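So the sequence lines, in the order shown, correspond to chains W and F. Just so you know, the first sequence maps onto residues 1 to 788 in this note's numbering. Just so you know, the second sequence maps onto residues 789 to 1137 in this note's numbering.
No wet-lab data here; the hints were simulated from the structure. Note that the coordinates shown come from a computational prediction; the quantities given were computed from them, not determined experimentally. Ideal Cβ placement from N, Cα and C applies to all residues, glycine included. Fair warning: there could be bad hints in the mix.
Each pair of labels, with its calculated beta carbon distance range [stated by the list, open to error]:
id, chain 1, residue 1, chain 2, residue 2, range
1, W, Thr401, F, Ser911, 47 to 55 Å
2, W, Arg701, F, Thr884, 50 to 58 Å
3, F, Pro935, W, Arg9, 34 to 42 Å
4, W, Ile487, F, Gly887, 23 to 31 Å
5, W, Ile487, F, Lys1027, 15 to 23 Å
The calculated EDC-like cross-link candidates involving lysine to aspartate or glutamate, where the alpha carbons are at most 20 Å apart (straight line), are [stated by the list, open to error]:
id, chain 1, residue 1, chain 2, residue 2
6, W, Lys605, W, Glu617
7, W, Lys486, F, Glu972
8, W, Lys604, W, Glu585
9, F, Lys1026, W, Asp474
10, W, Lys353, F, Asp945
11, W, Lys582, F, Glu926
12, W, Lys522, W, Glu669
13, W, Lys413, W, Asp388
14, W, Lys554, F, Asp1091
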Amino acid sequence: MKLSKNFVRDYVDVQADLKTLAEDMTRVGNEYDSAEKLVPSTKLVIGKVLECKAHPDSDHLHVCKVDVGTEVLNIVCGAPNVRENIKVIVALAGAELPNGFLIKKSNIRGEESNGMICALYEIGIDKKFLSEEDKNGIHILPDDAPVGKDPVEYLKLDDEVIDFELTANRGDLLSILGMAYEIGAIYDKKVKEVDLSHGESGDDLNNSFEVRVNTDNCKLFLARKALNVTIKESPDFIKNRLIASDIRPINNVVDISNYVMLELGQPLHFYDADRLGNCIETRMAKNGEKLTTLDGIQRDLEETDIVISDGTRAIGLAGVMGGLDTEIEETTKNVLIEAAIFDSVRVRKTSKKIVRSEASNRFEKGLDPNRTYMAIERAVKLLEKYADATIQTGTVVYDKTDKTEKKIDILVKDINDLLGTNISKADVLDVFRRLDFKYTENGDLITVTVPTRRLDISIKEDLIEEVGRIYGVDNIKGKLPVVPMKIGSVDKTQREIRDKMISLGLNETLSYVLINDKDVHKYTNDSFEELKLLDPMTEERNVLRYSLIPSLYKIYEYNKAHYIKDVSIFEIGKGFFKKEEKYGENTKLCALMTGEYYLGINNKKEIDFYIIKGVLEEILNYLGYEGRYSFCIPKETLKEFHPGQVAEVNVNGEIVGVVGRIHPEISKEPVYVFEINLDNLLAKKVSKMKFKEISIYPSIRKDIAIILDKNISADEISKVIKKAGGNLLVNYEMFDVYENVILGDRRSVAYSLTFGSNTKTLTDDEVNPIVEKIIESLEKNLKAELRK
Amino acid sequence: MKEKLEKIKENAKESISKIQNLQELQDLKVKLLGKKSELSTILKGLGSLAAEERPKIGSFVNDVRNEIESNINEAEKRLKEKALSQKLEKEKIDITMPGTKIKRGSKHPINRVIEEIQDLFVSMGYDVVDGPELETDEFCFERLNLPDGHPARDMQDSFYITSEYLLRTQTSAVQARTMLGNTEKSPIRMICTGKTYRREDDATHSHQFNQVEGLVVDRKELNVSLADLKGTLEVFVKKMVGEKSELRFRPSYFPFTEPSYEVDVTCFKCGGKGCPLCKKTGWIELLGAGMVHPNVLKMNGYDPEKYAGFAFGTGIDRLAMFKYGITDMRYLYTNDVRFLSQFDRKDEE
C-alpha cells in the first residue's frame, strides 16, 4: 500500500517528516519498503523556450535559449516536441534526477548545453501514468506557469510517498482513513471526519431499480445512481493522489471510484446505468458461463465464481473485474454505483485465477460494512462535485451483515502477564483512547468496544498486542524464563555418523529433495508409488526423491563438468514414498566416491569398490554392527549398477542398503555409491560397549597362502577357515590377493591367522595341527591348493 | 720396572687415541688388558720380585691398568657418540617437504549452523525434536490457526502432492505435533531444525531452505511472557550473530501467534549505519516470533486459560551465509566440491 502524505493529511495532522513517519509506523508493525518524494528530482525550475533552432550538427537535436527567471540558458534538447514559446520543466546544472542521474554543464556536438528540458518520466513519474504525448516528449506546461518557480509545486506533484508492506491481518490499513487512525494513535492526534454531504433529488431509486442477491457469498450490496455526469479529466489533486498510489488516472468518474477505494478501503464498481437495465443480481456463476471482462478477455466461469448479472447474463466478476459491456465510457451519462461485500475466500480464489487487483486485495482482507455505507455516500458526493452529477434519491440496500460491535473484557493483569511488563492501568487506558477504542471500566476489568473497522481484533490477546505495540515493544525489557533445571535432549547419532564420514575424507553435501520423475525409481528395486507434485515449479523438479543416489549423482556430474575429478561426497537426508496407501519418509545415508582417494602425494589410490565398501564397513562397525552384516549379490538385477560390482548390505537378515559401481553405460568413469536406510539400520539394537579382558599370554601368527578357483568368494573362504579354526583362532584377515595368466581361472589368496588363549601361552605344537586342519578343510571343501 | 710400566701406559694412551672404531677398540682392549697382554705378564711375574717390592709394583700395575681402562672407556664413549651422530646424519631428511596429507572431509555450512543452534538450546534445557517433512495440511496449517482460505496462506505457496499432503512450508508444523504428543501436558521447551519448502525460486529464495523453530509452553503463572521471549532471543542472536548485535521487535502478524513480532537485528554488514543490504535501515529482519495463539493452544490440547507459550522461528540459510560470508545463496545447494571443502576445520568459538 502506497501512502500519499498529502492524502492522509486530509484526515490527520502529521508533523513528522517522511522518514520519521515511516520509522514510527514500522515500530508499531507497519514495515515499509521505501519512503520517497513522489518526484525525487532536485533543482527543477519552470522555464520558457525563447528560441529553438536546429542543431547544426544533428538531424534531431535542437539548440534552445531558455529563460529560467534568473538567466537565459543555452540548452540542447532532443525531444521532438520542443518549440519556441512554450513553458517547460528545466533541470539546472547540478540537478539530480531519479536513478542518480546528474545534470552537468556540457558540450553536445559543439553546442553548449547548460541544463536539460525534462519529460515527466525523466523527473520520476512512471510512463504508465502518462499521456501519449508525455510518453514521447518533454512536458509542456500551461501558459500561466510562472517562470523561475518550482514546477513540482506548480503541478501539485509535491507529495511524499511511503510504500508499506502490510501484514495480512491489517486490511483496515488498505485505506487512507485506516492509516489516519494508525498515525493518530502514534502521535495522539484525533482523526477528522469524512465529508459525505451531498444533495439528492428525484424519485427514490428503490422504486425503479432492484438489487437481488442469490448467494450467501454476498452479505451486503448497496446501489445508488448518479445522473447526467460529465466525463472529463480529473482535477490535479485526484490524478496526483492516484499516481502517488500507483493507480493510473483515466477520467473523473472512473478516478472517483478508485479515489474512494483508496480513501476508505471499500472497492466500488461503477456501471453505465443505461446499459444495465433495472436490476442487478449477485449469484454464483454457472458452469460454462462466459464473460468478457474489462480487459477484453473472454473468461470461462466456474460455479465457484461470484458474478454480477443484469438479471439474465453475467456482467462482472464480483470483487475481481467488471465486464466490458457495462463499463464507463466517454459517452456514459448515468452511473450505477455498487458498494458491496463479497466473501473473501471466494474472491481470493477467483482473483488468483483471473487477476489480482487493488479491489480483490481489499475484498480478500475483509471489509467493514459501516465503511461500505460511507463509501457509497462519499462516491456520490465526489461525483456531484467533480463530475457535475445529480444524485438520485435513495439507496437500494441488501444487508445481511452483523454490525454488532465486539466487546472484549480484559484485566490489566492479563496484559502484564503475557507481555511480562508492569504497565499501569492508566497507561493501558491511554492506549485505547489513542486508538479511538471506546471502553468502560469496572474495577480492574476493562471492557473494550472494538470499532468495526478493526476486523483483526477479536480476542483478548489481540488487544494485548495493541497495548504492546502502542506502548512500545522497545520499552519491554527482555529476561530469561525462570524454569526448573533439566537436561536438554538431542539425538546425536546423525551428527556422529556425519563426523565419522568427514573423518574418512568425504565432503558433506545438501541437495534438493525434489528431483525429476524419470530418476525416482533408479538405483532401487523397491516397489513404491512415486510422490508427484500437483503443481511443480519446473518439470525438472516434479517429484519427491526416494533415494539420494540420483541427487548425489547430479552433484557428481556438476563437479565433473567443472573439471573436478576427485569427488567423495555424502549426505544424510530423507527419501519419500507411498506404500500400501501410506505416506512415509526414511532417513538415508548416501555416499558417492570417484577419482582418487589419497593419503598424501605419493600415496594416492584410484577409488574402487573396496574403498567405498571399506568406508561403509567403517560406519557399520562404528555404529556397533561389526560381525552382524554381510554383503550379498542382489537377488534381482539392479540395472543402474555394474552387474559384477554391486552388493546388497544385509544386517541381521534384513537388506538395509546397497553398495556398488554405477553401470558403465551411465558413467564411463568408475563411480561408486552406497546408500543405507538409517531408520531400518538403527532400529536394530546394538550391545552396550563393554570392556573385554586382555589376554596376558602372547598370541601366535601364522600366514598361509592358497590357490583356488576365482569364483569362490572371500566369504566362503572365511566360513571354512572360521569353522576349522575353532576357538583358539582369534582373528583371521585376508592380506593379499593376486591373479595372473599362469593362474588362469584361479587366484592366490593369503590369510594371516592369529591364535591365542586367555589361559596359557600357545606353542607351535598346539597351533600347527590347527593350521593343518584349516588347510585340509580348505583343500577338501574348496579344492584349494596350498602355495608352498 | 716402573719405567717399563710408565712406557706401557704412555703407549696405550697413544694407541687408544688413534682408534677410529669400536671393533678396533675392542681388539686393542684385549691386547692391552687381556690375558696375553704385557700388563698381565708383569702381574704374573710379580711373584719373582722381592717381597718388599711386590706391593709397590703391584699397586703401580693396578694404577696403570685402571688408567688404561678409563682411557678405553672414554674412547668407547667418544666412538659411540660419533657413530650415533653419523647414523643420525645419514638419516637426515628435508623437513620442509610436505607432511603426508590425510584426506579430510567437510561439514556443510548449514549443518554446522544447525549443530551450533542445537547445542545452544540444549544447554538451556531445550529438547531437539524432529518431525516429518512430508506433512499434512492439518499440521502444517489448520492446527496452527490457518484454516483453508486464510489470506496468510498466500505467504506460503506450497508444494502439494495431494489435497492433504504437502512438503512442510515451515518447521512450525512440529509445534502442533509436540503439543499434541505431550499427553501429560508437562512443560515444553523444544526446538526443531530442518528442511522446509516453498514454491519460490529466485536469487534470494531457494524452494528448499532450512528453518529452526522454538516453542516454550508452560503454566500461565510461570514465566512465559513476551519479556521471556525477548530475553531468549537476545541470547540466541548474540550467540549466533555477535555480542554487539541489538534486537528490535516489530509488531507483525502470524496466525499462530498473538501478539506476533518480526525481530530485526543490527545489520551484519554495516553494523547499523545503513547499507544496501539493510536497505539503509540499519536493521536486518531475522526472526518471526510471538506468544502462542490461544486457538493453537486449544487445538493442540492445552487450555489457554491455564497455559501460555512463546514460539520463534528463523531461516538458517541466511544465518549460515552471514556467518561464513557466503555471497550467493545458490552456493549452498550447488555442492561444488571447491565450496564444500572450505568448511573442513574447527571454526573459532
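Check: When you check the alpha-carbon spacing of lysine 486 of chain W and glutamate 972 of chain F, does it fall within 20 Å?
Finding: Satisfied, since the Cα-Cα distance of roughly 17 Å is no more than 20 Å.
Margin query: Need the status of pair lysine 413 of chain W, aspartate 388 of chain W: alpha-carbon distance at most 20 Å?
Written below: violated (57 Å)
Checklist line | Agreement of lysine 604 of chain W and glutamate 585 of chain W with the hint, judged by alpha carbon distance not exceeding 20 Å | finding: violated (38 Å)
Margin query: Can you tell me whether the CB distance of isoleucine 487 of chain W to glycine 887 of chain F sits inside 23 to 31 Å?
Written below: At roughly 41 Å between Cβ atoms, glycine 887 of chain F and isoleucine 487 of chain W fall outside 23 to 31 Å, so the hint is violated.
Next item on the list: Below or equal to 20 Å on CA atoms is what counts here, so check lysine 582 of chain W against glutamate 926 of chain F.
Entry: Distance of about 16 Å is within 20 Å: holds.
Next item on the list: Mind checking the alpha carbons of lysine 353 of chain W and aspartate 945 of chain F for me, to see if they're no more than 20 Å apart?
Entry: holds (14 Å)
Next item on the list: Take the C-alpha atoms of lysine 605 of chain W and glutamate 617 of chain W, compute the straight-line distance between them, and say whether it is at most 20 Å.
Entry: Within the cut-off at roughly 18 Å; holds.
Note to self: Tell me if the straight-line CA distance from lysine 554 of chain W to aspartate 1091 of chain F falls inside 20 Å.
What the structure shows: Roughly 50 Å separates the two Cα atoms, so the pair is violated.
Check: Does 50 to 58 Å hold as the CB distance between arginine 701 of chain W and threonine 884 of chain F, or does it fail?
Finding: violated (39 Å)
Check: Is the hinted range of 47 to 55 Å satisfied by the C-beta distance from threonine 401 of chain W to serine 911 of chain F?
Finding: holds (54 Å)
Margin query: What's the verdict on lysine 522 of chain W and glutamate 669 of chain W, does the C-alpha distance respect the 20 Å limit or exceed it?
Written below: holds (19 Å)
Next item on the list: Kindly confirm whether 34 to 42 Å is satisfied by the beta carbon distance between proline 935 of chain F and arginine 9 of chain W.
Entry: At 39 Å between Cβs, range holds.
Consistency with the previously given hints fails for numbers 2, 4, 8, 13, 14, ordered from lowest to highest.
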